[in-house]
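Peer 1: Here is what each chain is made of, one letter per residue.
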Amino acid sequence: MRDTPGRLLIVDDNKVNRLLMTRSVEQLGHTAAVAENGRIAMEMLAAEPFDILLLDIEMPEMDGFEVLEALKADPKLRDLPVIVTSSVEGLDNIVRCIELGAEDYIPKPVNKVLLNARVSASLERKRLYDEQKKLLDRFATVEVAEHLNRGGFAIGGQRLHATILFCDIRDFTAMSETMAPEATIDLINTYYTLMFDAVSSQGGIVSLMVGDGLMALFGAPKPIENSAQSAVAAAQDMLTMTAALNDERAVVGEPALRIGFGIATGEVVAGYTGTDERATYTCVGKTVNLAARMEAHTKSVDRDILFDEETRLRLAEHTDCEALADMRFKGFSDAIRVFAL
Amino acid sequence: MTQSLIDTAVYAELTDAMGAEFSAQLVTTFLEDAPNMIAALKQGASDGDADAYRRAAHSLKSNAEVFGATALATHARDMELSGLPDTAPPIPALKAVYADTADALRALLDA
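First to last, the sequence lines map onto chains R and B. FYI, the numbering for the first sequence is 0 to 340, going by numbering that gives the first Met the number 0. FYI, the numbering for the second sequence is 0 to 110, going by numbering that gives the first Met the number 0.
To be clear, the hints were calculated from the coordinates, so they are not data collected in a lab. Mixed in with the good hints there might be a few duds.
As the list claims (entries may be wrong) - Only some residues are given here: those of chain R computed to face chain B with a beta carbon under 8 angstroms: (1) N13; (2) L18; (3) L19; (4) R22; (5) E35; (6) R38; (7) E60; (8) S86; (9) K111; (10) V283.
Claimed, not checked - Calculated lysine-lysine pairs in the DSSO-like style (CA-CA distance at most 27 angstroms, straight line): (11) R:K285 to R:K329; (12) R:K221 to R:K75; (13) R:K298 to R:K329; (14) R:K14 to B:K41; (15) B:K94 to R:K71; (16) R:K298 to R:K221.
Stated by the list, open to error - Which residues of chain R face chain B? A few of them, derived with a C-beta cut under 8 angstroms, are: (17) V15; (18) E57; (19) P59; (20) E88; (21) R95; (22) P108; (23) R327.
For every residue, glycine included, the Cβ atom is placed at its ideal position computed from N, Cα and C.
For reference, chain B alone in the conformation it holds in the complex (with noise of 0.2 angstroms):
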C-alpha cells in the first residue's frame, strides 16, 4: 500500500470548517455505518445486482473522501467504475483496507 491511509490536510481541513467534536460524531457515524455499506456490497455481488454493488461502492468512496481516506477512496472508487466483475470481486482486499482506514480514524479521535 503506497498511498497513505489518512490524508491529515483533508482531515485537518474536515475538523477546522465543522468542529473537532461534530466531525468526530461524523468519524463514529461512519465507522457504524460502513460495515452496512460493506455488506450491501457483498450482498449486491452474491445477488448479482450490479446496481446495488456499483452504490455500495460509490457510497463508500464518497465518505472515505470526506475523511481524507484516500486508500479506502481509491480502492472503492475502483470497484464503482469496474461495477461487479465476473470473477469473485475484490472484496476481501477492501474490508482489509477498511480494517486499517477504521484503526487510523480511531487513532485521530484518541489523538
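Chain R with its partners taken away, still in its complex shape (with noise of 0.2 angstroms):
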C-alpha cells in the first residue's frame, strides 16, 4: 500500500515554500496541486478528489484555520486527511490546528523525512477509510450512509412520519422448488435490482431483504414531501417493470411472476436496531405491521397494491382508489379500511 501514490493538494502562500513543498512531494513518488490561499483551495476540493492537503496557517483571504473549520463543516471533506505544515509560533496555535481536526503538524522548513512518514500514515489511513466507507456504501443505503457518517452510530430511535411498503414474490416458495438454485438466486437479484431501482427512485430506502420478502421505509431517515404518494408511485413503478420482465419470461416460456405490496403510512420508531456488532437501520412499530398485514391481505383479495386510510388521505385526488371490506387484523383491535389501486 505505502508504494501507491496519492494525490496532495499543497495549500500555501509563499511561492518558495510551494515550489518546495511540491518537489519533496514528488520526490516521495506522490502528485501534487497547488493552491494560493485557502478560498481557492476550497474551490479546487469542490472540484476534485484529494488524498491529502499540506496546509499553511498564515494566509490571506482564507487562513489555515479557516480552511480547517470549512473541511470540519463539509460531510463530504471532512475526513480529508489535514497535514499542517506551517512555522506558525506558539504552541497554542499548534493545539488549535489538532482541536480544528488536523490530523498532524510538521514544522517549516519540512523535513523530508518525517514528511514521508507522516503522509504515508495518512494514506493508509485515508485508504482504510474509504474502503471503509465504500463496504458502508454497499451494505447500507446512501441515505444511511450519510446518516451514520453525519451522527455517527448509536443504537437508539427516534419518532417519525413515514410510509412503510412491504413486497413479496407470490407462491415464490412453491415456485423455486421446481427451479435450479442458481436460477432462484438469479430471479431473486433481478427482482431486487428492480425493486431497488423503483424505492430509490422515488425517494425511498430498501430497509429489509428476507428471501423473496422487501420492506422499503419512505421518509426515514430523510423526510420526503409526500412519501405516501412516493410509496405507491415506487410499488406501481415495480408493477409496470415486473410486467416487462414477464414478457421476457414468456418468451422462454417461464411462469409469470406476481408481487403483492402492502404500504401503510403514520408515526414509527426508527433507528439502528440490533447490537453494538452488528445492527441495520429500520422502523418499527404500529405502521410496520399494518404494511405486513396489507401485503399479506393481498393474496386474500387478489390485489397488487393495498394501503390503509393514511396514505389514501396522502395520494393525489384523482388517484384512483377502491375501499374494500374493512379489516379486522391480527395485532389491531379496531377494523381497519383497506384501499386498493
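Put the complex together from the two separate chains, hints included.
Peer 2: See the structure below:
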C-alpha cells in the first residue's frame, strides 16, 4: 500500500514554500497540485478529489484555521486528512490546528523524512477509511450511510412520520422448488435490482430483505415531501417493470412473477436496531405491522397494491382508489379500512 | 551582527536533499519574491494593517529558514512576534540584513 502514490493538495501563499513542498512531495512519488490560499484550496477540493491536504496557516483571504473549520463543516470533506505545515509561532496555534481536526503538524522547513512518514501514514488511514466507506455504502443505503457519517452510530431511535412498503413474490417458495438453485438466486437478484431501482428513484430506501420479501422506508431517515405518494408510485413503477420482465420470461417459457405490495403511513420508531456488533437501520411500530398485514392481505383479495387510510389521504385527488371491505387484522383492535389502487 | 548570514550546514542539507539545480532555482525564486514580501511589510505598516505586517514577516522568516539564512530569519521572526509597533517599524534594519543575505546567497549560487 505504501507504494501507491497519492494526490496531494499543497496550500501555501508563499512561492518558495510551494515550490519546495511540490518538489518534496514529487520526490516521494506522489503528485501534487497547489493553491495560493484557503479560498482557492476550497474551490479545488470541491472540484476534484485529493488524498491529503498539506496546509499552511498564515495566508491571506482564508487562512489555515478557516480552512480547517470549513472542512469540518462539510460532510464530504470532513474526513480528508490534513497535515499542517507551518512555521506558525506558539504552541497554542498548533494545539488549535489539532483541535480543529488536523491530523498532524510538521514544522517548517519541512523535514523530508518526517514528511514521508506522515504522508504515508495519512494515505494508509485514508485508504482504510475509503474502503470502510465503500463497504458501508454497499451494505447500507446512501441515505443511511450519510446518516451514519453525520451522526455516528448509536443504537437508539426517534419518532418519525413515514410510509412503509412491504412486498414479496407470490408463491415464490412453490415456484423455486422446481427451479435450479442458480436460477432461483438469479431471479431474486433480478427482482431486487428492479425493486431497489423503483424504491430509490422515488426517494425511499430498502431496509430489509428476507428471501423474496422486502421492506422499504419512505421518509426515513430523511424526510421526503409526500412519503405516501412516493411509496405508491414505487409500487406502480415496480408493477410496470415486472410486466416487462414477465414478457421476457414468457418468451423463454418461464412462469410470470406476481408481486404483492402492502403500504401504510403513520408514526414509526426509526433507528439502528441490533447490537453494537451488528445492527441495521429500520423502522418498527404499528405502521410497520400494518404494512406487513396489508401485504399478506393482497393474496386473500387478489390485488397487487393495498394501503391504509393514512396513505389514501395523502394521494393526489385524481388517484383511482377503491375501498375494500374493512379488515380486523391480527394485533389491531379496531377494524382497518383497506384501499386498493 | 553576531549571527552568521547563512548557516552552511542547513544550506548543504537543502542542496543534498533537493539537488543543486532545484536549490538554485529555489534561491532565485526567493531573491525575486523577497522584495515583494518586504514591500508587503511596508504596506502593512503604512496601512496600519497588523495582520498583513505579521504575515509578511512570517513569510520572510519561513523562507529564510529554508536556506539557513539565520540572521534574516531571526530579524523577521522578531518582527512577526512583536507585531506592528506604534513607533517606526524596524524595516530599514531588515532591509539591510536582507541585502547582505541576498549577496551571500548569490555568492553561494556562483560558487
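Peer 1: Each of the hints needs a verdict: does it hold here or not?
Peer 2: So, going through the hints one by one against the coordinates:
{"no.": "1", "hint": "N13", "in the structure": "5 angstroms, holds"}
{"no.": "2", "hint": "L18", "in the structure": "6 angstroms, holds"}
{"no.": "3", "hint": "L19", "in the structure": "6 angstroms, holds"}
{"no.": "4", "hint": "R22", "in the structure": "6 angstroms, holds"}
{"no.": "5", "hint": "E35", "in the structure": "12 angstroms, violated"}
{"no.": "6", "hint": "R38", "in the structure": "15 angstroms, violated"}
{"no.": "7", "hint": "E60", "in the structure": "11 angstroms, violated"}
{"no.": "8", "hint": "S86", "in the structure": "5 angstroms, holds"}
{"no.": "9", "hint": "K111", "in the structure": "6 angstroms, holds"}
{"no.": "10", "hint": "V283", "in the structure": "56 angstroms, violated"}
{"no.": "11", "hint": "R:K285 to R:K329", "in the structure": "11 angstroms, holds"}
{"no.": "12", "hint": "R:K221 to R:K75", "in the structure": "17 angstroms, holds"}
{"no.": "13", "hint": "R:K298 to R:K329", "in the structure": "16 angstroms, holds"}
{"no.": "14", "hint": "R:K14 to B:K41", "in the structure": "19 angstroms, holds"}
{"no.": "15", "hint": "B:K94 to R:K71", "in the structure": "41 angstroms, violated"}
{"no.": "16", "hint": "R:K298 to R:K221", "in the structure": "32 angstroms, violated"}
{"no.": "17", "hint": "V15", "in the structure": "5 angstroms, holds"}
{"no.": "18", "hint": "E57", "in the structure": "5 angstroms, holds"}
{"no.": "19", "hint": "P59", "in the structure": "7 angstroms, holds"}
{"no.": "20", "hint": "E88", "in the structure": "6 angstroms, holds"}
{"no.": "21", "hint": "R95", "in the structure": "16 angstroms, violated"}
{"no.": "22", "hint": "P108", "in the structure": "5 angstroms, holds"}
{"no.": "23", "hint": "R327", "in the structure": "75 angstroms, violated"}
Checked against the numbered hints listed earlier, the structure breaks hints 5, 6, 7, 10, 15, 16, 21, 23; every other hint is satisfied.
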